[in-house]
Amino acid sequence: MISYSAIVTGTDGSDTSLYAVRSAASLAATYDAVLTIVCAHHIDAGTLTSPTHVEMNSIPVYSKERALEILAEAQAYAEAEGAMTVNIRAVPGAPVPALLSVVDELDADLVVVGNRGLDSLLGRITGNIPGAITRKAKVDVMLVNTDHEQ
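Counting from 1, position 145 in the sequence shown corresponds to residue 145 in the numbering used here; the numbering is continuous, with no gaps.
Don't read these hints as lab results, they were simulated from the structure. Be careful, since some hints might not be right.
[Unchecked claim] Simulated crosslink set (DMTMM-like; lysine to aspartate or glutamate; CA at most 20 Å straight-line):
| no. | residue 1 | residue 2 |
| --- | --- | --- |
| 1 | 138 | 107 |
| 2 | 138 | 105 |
| 3 | 138 | 104 |
| 4 | 136 | 107 |
| 5 | 136 | 109 |
| 6 | 136 | 104 |
| 7 | 64 | 107 |
| 8 | 64 | 109 |
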C-alpha cells in the first residue's frame, strides 16, 4: 500500500493556495504524515528581477514577516483539517526552488500544489509554479484542482 510520511505544500496566502494546503493537510491526517507548509519570501529586489526567477512574475512578493503571517493562517487551516504535525517554513527566494529545497532537505515523499497558472496564457509563456514542480520534483506530486476557488 502506498503511504506518505512527509508532505510538503506551499502557500502565497491566496484562496487557491489555501485550498491546496487543506488538501495536503487532509492527506497528512489520513497517512499520519508530517506536513510542512512553505511560503517563499523575497531576499532583495535584485534577486526578484533576475531572469532566473521568472515564476515570480505571477505571484505577490512578500517580506519574511508577511510570509510568517500567511504561514500562521495556513497552519490553522491545516490543523482544522486534522493534520496532527504541522511545521511552517518561510524560505527566501523564488517559490519553486524554495519548495523543492524543503522537499529535498526533509526527504519528503509528496509535494502538493494547486493548479493555478497551468491553463493560463501567461503561465504557458513565462512558466508557472505547478508545471515547474511537476517537471523538477523527484518525488510524487499531487496537483489540486483549485479552479472553483478562483
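Tested hints:
Among the hinted pairs, residue 138 with residue 107 is consistent with the structure: their alpha-carbon atoms are about 10 Å apart, no more than 20 Å. Our distance criterion of 20 Å between C-alpha atoms is met by residue 138 and residue 105, whose separation comes to about 12 Å. The straight-line distance between the Cα atoms of residue 138 and residue 104 is roughly 9 Å, inside the 20 Å bound, and the hint therefore holds. Of the supplied pair hints, the one linking residue 136 and residue 107 holds, its CA atoms being roughly 15 Å apart against a limit of 20 Å.
Our distance criterion of 20 Å between C-alpha atoms is met by residue 136 and residue 109, whose separation comes to about 14 Å. With a C-alpha separation of about 11 Å, the suggested pair residue 136 and residue 104 falls inside the 20 Å cut-off, and the hint holds. Restraint check: the Cα-Cα separation between residue 64 and residue 107 comes to about 24 Å, which exceeds 20 Å; the hinted pair is violated. With a C-alpha separation of about 26 Å, the suggested pair residue 64 and residue 109 falls outside the 20 Å cut-off, and the hint is violated.
Figure legend: structure checked against the earlier numbered hints; hints not met, in rising order: 7 and 8.
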